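Trainee: As a plain string of letters, each chain reads:
4 protein chains.
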Amino acid sequence: MKHNKPTDKNSWRHKLHEVIYEADTPMGKLFDIILLILILISVIIVMLESVKSIDLQYHRVFYVIEWIITIFFTIEYISRIITVKKPKHYIFSFYGIIDFLSTIPLYLSFILIGSNYLLTVRALRLLRVFRILKITRYIGEGNKLQKALIESRVKIFIFIFAVLIVAIIAGTLMYLIEGEDSGFNSIPVSVYWCIVTLTTVGFGDIAPVTATGQFLATVIMILGYGVIAVPTGIIGAQYVRMDREDPVQLNTQSCRNCGATGHKDGAEFCYNCGYELSPPKDIEA
Amino acid sequence: MKHNKPTDKNSWRHKLHEVIYEADTPMGKLFDIILLILILISVIIVMLESVKSIDLQYHRVFYVIEWIITIFFTIEYISRIITVKKPKHYIFSFYGIIDFLSTIPLYLSFILIGSNYLLTVRALRLLRVFRILKITRYIGEGNKLQKALIESRVKIFIFIFAVLIVAIIAGTLMYLIEGEDSGFNSIPVSVYWCIVTLTTVGFGDIAPVTATGQFLATVIMILGYGVIAVPTGIIGAQYVRMDREDPVQLNTQSCRNCGATGHKDGAEFCYNCGYELSPPKDIEA
Amino acid sequence: MKHNKPTDKNSWRHKLHEVIYEADTPMGKLFDIILLILILISVIIVMLESVKSIDLQYHRVFYVIEWIITIFFTIEYISRIITVKKPKHYIFSFYGIIDFLSTIPLYLSFILIGSNYLLTVRALRLLRVFRILKITRYIGEGNKLQKALIESRVKIFIFIFAVLIVAIIAGTLMYLIEGEDSGFNSIPVSVYWCIVTLTTVGFGDIAPVTATGQFLATVIMILGYGVIAVPTGIIGAQYVRMDREDPVQLNTQSCRNCGATGHKDGAEFCYNCGYELSPPKDIEA
Amino acid sequence: MKHNKPTDKNSWRHKLHEVIYEADTPMGKLFDIILLILILISVIIVMLESVKSIDLQYHRVFYVIEWIITIFFTIEYISRIITVKKPKHYIFSFYGIIDFLSTIPLYLSFILIGSNYLLTVRALRLLRVFRILKITRYIGEGNKLQKALIESRVKIFIFIFAVLIVAIIAGTLMYLIEGEDSGFNSIPVSVYWCIVTLTTVGFGDIAPVTATGQFLATVIMILGYGVIAVPTGIIGAQYVRMDREDPVQLNTQSCRNCGATGHKDGAEFCYNCGYELSPPKDIEA
Chain A
1 MKHNKPTDKN SWRHKLHEVI YEADTPMGKL FDIILLILIL ISVIIVMLES VKSIDLQYHR
61 VFYVIEWIIT IFFTIEYISR IITVKKPKHY IFSFYGIIDF LSTIPLYLSF ILIGSNYLLT
121 VRALRLLRVF RILKITRYIG EGNKLQKALI ESRVKIFIFI FAVLIVAIIA GTLMYLIEGE
181 DSGFNSIPVS VYWCIVTLTT VGFGDIAPVT ATGQFLATVI MILGYGVIAV PTGIIGAQYV
241 RMDREDPVQL NTQSCRNCGA TGHKDGAEFC YNCGYELSPP KDIEA
Chain B
1 MKHNKPTDKN SWRHKLHEVI YEADTPMGKL FDIILLILIL ISVIIVMLES VKSIDLQYHR
61 VFYVIEWIIT IFFTIEYISR IITVKKPKHY IFSFYGIIDF LSTIPLYLSF ILIGSNYLLT
121 VRALRLLRVF RILKITRYIG EGNKLQKALI ESRVKIFIFI FAVLIVAIIA GTLMYLIEGE
181 DSGFNSIPVS VYWCIVTLTT VGFGDIAPVT ATGQFLATVI MILGYGVIAV PTGIIGAQYV
241 RMDREDPVQL NTQSCRNCGA TGHKDGAEFC YNCGYELSPP KDIEA
Chain C
1 MKHNKPTDKN SWRHKLHEVI YEADTPMGKL FDIILLILIL ISVIIVMLES VKSIDLQYHR
61 VFYVIEWIIT IFFTIEYISR IITVKKPKHY IFSFYGIIDF LSTIPLYLSF ILIGSNYLLT
121 VRALRLLRVF RILKITRYIG EGNKLQKALI ESRVKIFIFI FAVLIVAIIA GTLMYLIEGE
181 DSGFNSIPVS VYWCIVTLTT VGFGDIAPVT ATGQFLATVI MILGYGVIAV PTGIIGAQYV
241 RMDREDPVQL NTQSCRNCGA TGHKDGAEFC YNCGYELSPP KDIEA
Chain D
1 MKHNKPTDKN SWRHKLHEVI YEADTPMGKL FDIILLILIL ISVIIVMLES VKSIDLQYHR
61 VFYVIEWIIT IFFTIEYISR IITVKKPKHY IFSFYGIIDF LSTIPLYLSF ILIGSNYLLT
121 VRALRLLRVF RILKITRYIG EGNKLQKALI ESRVKIFIFI FAVLIVAIIA GTLMYLIEGE
181 DSGFNSIPVS VYWCIVTLTT VGFGDIAPVT ATGQFLATVI MILGYGVIAV PTGIIGAQYV
241 RMDREDPVQL NTQSCRNCGA TGHKDGAEFC YNCGYELSPP KDIEA
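Sequences listed follow chains A, B, C and D, in order.
Using this note's numbering, the letters of the first sequence map in sequence onto residues 1 to 285.
Using this note's numbering, the letters of the second sequence map in sequence onto residues 1 to 285.
Using this note's numbering, the letters of the third sequence map in sequence onto residues 1 to 285.
Using this note's numbering, the letters of the fourth sequence map in sequence onto residues 1 to 285.
If you are wondering where the hints come from, they were derived from the structure by calculation, not from laboratory data.
One or more of the hints may lead you astray.
[As the list claims (entries may be wrong)] Derived CB-CB ranges, DEER-like:
| # | chain 1 | residue 1 | chain 2 | residue 2 | range |
| --- | --- | --- | --- | --- | --- |
| 1 | C | 11 | D | 100 | 53 to 63 Å |
| 2 | C | 179 | A | 64 | 49 to 59 Å |
| 3 | C | 179 | A | 37 | 33 to 43 Å |
| 4 | A | 36 | C | 209 | 25 to 35 Å |
| 5 | C | 180 | B | 110 | 22 to 32 Å |
| 6 | A | 78 | B | 112 | 52 to 62 Å |
[Unchecked claim] Think about it this way: if two alpha-carbon atoms lie no more than 20 Å apart in a straight line, the pair counts; the simulated SDA-like pairs of lysine to any residue are:
| # | chain 1 | residue 1 | chain 2 | residue 2 |
| --- | --- | --- | --- | --- |
| 7 | A | 86 | A | 11 |
| 8 | B | 147 | C | 210 |
| 9 | B | 52 | D | 211 |
| 10 | D | 85 | D | 75 |
| 11 | D | 52 | B | 212 |
| 12 | C | 52 | A | 210 |
| 13 | D | 88 | D | 131 |
| 14 | A | 52 | C | 210 |
| 15 | A | 52 | B | 173 |
| 16 | A | 29 | A | 86 |
[Stated by the list, open to error] Some chain D residues near chain B, calculated using beta-carbon distances under 10 Å:
| # | residue |
| --- | --- |
| 17 | 200 |
| 18 | 232 |
| 19 | 236 |
Please read all numbers here as calculations on a predicted model, not as lab measurements.
Idealized CB from N, CA, C, for every residue including glycine.
Start from the sequences, fold in the hints, and give me the full structure.
Mentor: In structure tokens, the structure reads:
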């Protein structure tokens, strides 16, 4: 430990940091579970509020719970800023913005009373579900899934791109063949229909009625059915490849200086800013 | 054979146990086949009873067959309890409860005459299909499929979780974009529509009508189409991994003491309670 | 060549056998291609005949072409019987029955004039598409696909079986939840809807309207979406396994005695009846 | 460099060739990006023009942009012909025809004023999306995807063929079972419905109403659900196989004589016509 910046490991800020940012300690786990439950309750309330019959009956209950959750989130947001040494890093990070946006809606509703944007602002609270991702990130499988997607992103992009080109060409053909009587009013709508068909969703709100149109639809469907194999092959091969490689063990610590996570087990300094990490012995002691 | 608890291998209880619980002997096989046929007949009758036109015509026939099956199941249920040494283990096991619930509906219909719950109680008989699983368990492939699913359960859970988060966010956006004219009446309904679309089911009872809504729907569909590859990759890799490992041969014996199944070939004692198993030589002799 | 049964390799029966049953010689190839084209024309005509507007206009043309094709097929069927030494093996084989059933409809239409079964009898001609399979069998990939499906048949059966059990349980629940107003009239219809949903087809002719029903539908859809990975994993692993094994080279000969195909390259006697096969040198000479 | 045909590497034709055909130099990259943007704008305009409300408002804007793009494409097309030494190779190549067809529509609209074919001619401009493929070809993944599809083409063809045979047989059965009341008017329509169902698209514009029809539909759906695994297994195994092989590095050069692309890194002569390629040192110098 040749690091010359002494850290007061028993200060309340240090302890608060451990509770909020790390899931290794009992308090940290408890905090994460309470947070998870509050997020879930909050998301369910936002969804139920939009159902008129339920909202009419339980409006007061929802309002009170919403206030309790907002106050908890406000305290949590401020605590996160205080305990991190470089708050700007946190505030302008992805999760920092999510945390902020999902805390303010109730405060904004005072300012925007009677506004048309109120509905949208209240829906902002649903962004809280992304916070759950922050918690699930600690589960190794979540990381692996994310990694498989990121490493296959070029392939998936090329694939989606090819699907779009096929949809544009086929959609234009359907527009020329079917005409406006059967719902193929414009090329964008035809392309929309083509994607609905290629992806095997098939709403049926628009469907070809001419024989030529149905024949082309058949070709598109078989194409989509055969082509769905491509992303599967890509991701499958990616998983097989990742299975072979030895996965590096990551722990759940978060740097007290910049908030970076995903440190290797046994790492003593943050890979991002070089700040000293709390050694695992501390936690055990 | 240093086990000091002598078991009378020719007692009727022992023989009955062999018939009911094991599929290795000719009698055991016959019993399983009769049971399978009765379950299938029973399930078909419950289904046909719900079709009014058929029920009106064949009500008496169905009633008689139902009584025969119920009596057989009652005898089988009692036999299972008698032949197992620790009946509590069986009664409160998953299959014990299934066996009980799928036997009682006809008896309950006397008590609940004219009750509204009668329909539900009679539907309980359909739980008998789970008994078929108990029989297919003896087929190695069934075990393998179950194992592949169990070992991938964390990955599949994470995946479904991610799908739900996407559906909540996209559903809320669709609710804000489409408004109530096109069927997106509330956030829960929009989220329902989103899952219908993401999973490429696409009923078409609700479909976007605005250009923005159709554009977002397109994005959701392509996402769902690309993302369906993920569980496939997971299960596929799992199967490939399981192919490499040497599968342990399991036999179809069931412990006469606690009812545990899945014993290795050649095992002499139950892995669960340590009770002596009937050695395979016995069966051949 | 120690076989003591001399075969007159220049007899017309031998030559006809080569033309009809083998695709190695130029004449055999030509015969296969003519047959393929006639089958395709025949299938297209049967399909177009069912479209009333087209049938009214071209009825005479279709009738003449149909007669030409029927006469060709009759000659071919008789030739096949004559050239094979054990005609019974051919007549009662799968392809023998297909050949017979797809030849007779036009003759039957004289006997059944004005009959209601005429439509069905004429549809029999569509069985000719199976003849195409006989030709594609010569392509190695067709064999491989068939082999992959056959070797995975137990797994696929177990899988379909599990899907059916889930559909029965979930369908019964939907029937109890939704009631008869939204189209869930009986358990069989509910189970049908469940399979439509589980397989991600989603016609939308029946769709849940209650909140509970839509919630259950969501669970079913996600289940189906996740579970579609299972057969893919099974077949994928099967293909990978088959890739490793060294495939045995099969030739396109067919035994002149019993009609069995799929002989190994270089085989001198039929694996089925022991009859001498025409050696490959003959064909080259 | 023993090639005796001296090439003037500083001529304007040589430089223009580098800009248009190669993506290695800064100018070449810039040219590709401008081309890509113009293609995307052009495609979006063609699509928006077909939406009547938008076309009415922005007709003039679209017309001007369309002229600018057409002039750019005309210059590009002529430049490509001039800089290639064997213009016929380029003009009659796939991309040559695409380039020509996507350039002429605006010129044709003068000749065909008031013609019914005008709509189709204008839709021709959408063929420009294929030009994007020419650019994405430089990305290795695009090549890999294309290669995987090409190498699996026999398998995929056989698979689609088998799907078609199943659809024809099942479609005919549905036509015989359902009759004309529920939309199964003719065999082609029934086959169309069968493909809609087998590929799990499920529009719902036609749906079986009889019990037998729904039962057969169930069988078709489960078949389609199980069989979707086959192309996935094929492509997946193909990807795994390609992963093992060492991929050959290709560069982005295009032969100045015949226009062939896909040259290996370090290749000095065109694999197609033997003409000398510009050595990579040139570009660096």
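Trainee: Are the hints correct? Go through all of them and say.
Mentor: Going through the hints against the structure:
| no. | hint | result |
| --- | --- | --- |
| 1 | C:11 with D:100: 53 to 63 Å | 60 Å, holds |
| 2 | C:179 with A:64: 49 to 59 Å | 35 Å, violated |
| 3 | C:179 with A:37: 33 to 43 Å | 34 Å, holds |
| 4 | A:36 with C:209: 25 to 35 Å | 32 Å, holds |
| 5 | C:180 with B:110: 22 to 32 Å | 26 Å, holds |
| 6 | A:78 with B:112: 52 to 62 Å | 58 Å, holds |
| 7 | A:86 with A:11 | 17 Å, holds |
| 8 | B:147 with C:210 | 35 Å, violated |
| 9 | B:52 with D:211 | 13 Å, holds |
| 10 | D:85 with D:75 | 17 Å, holds |
| 11 | D:52 with B:212 | 17 Å, holds |
| 12 | C:52 with A:210 | 15 Å, holds |
| 13 | D:88 with D:131 | 19 Å, holds |
| 14 | A:52 with C:210 | 15 Å, holds |
| 15 | A:52 with B:173 | 18 Å, holds |
| 16 | A:29 with A:86 | 24 Å, violated |
| 17 | 200 | 7 Å, holds |
| 18 | 232 | 7 Å, holds |
| 19 | 236 | 7 Å, holds |
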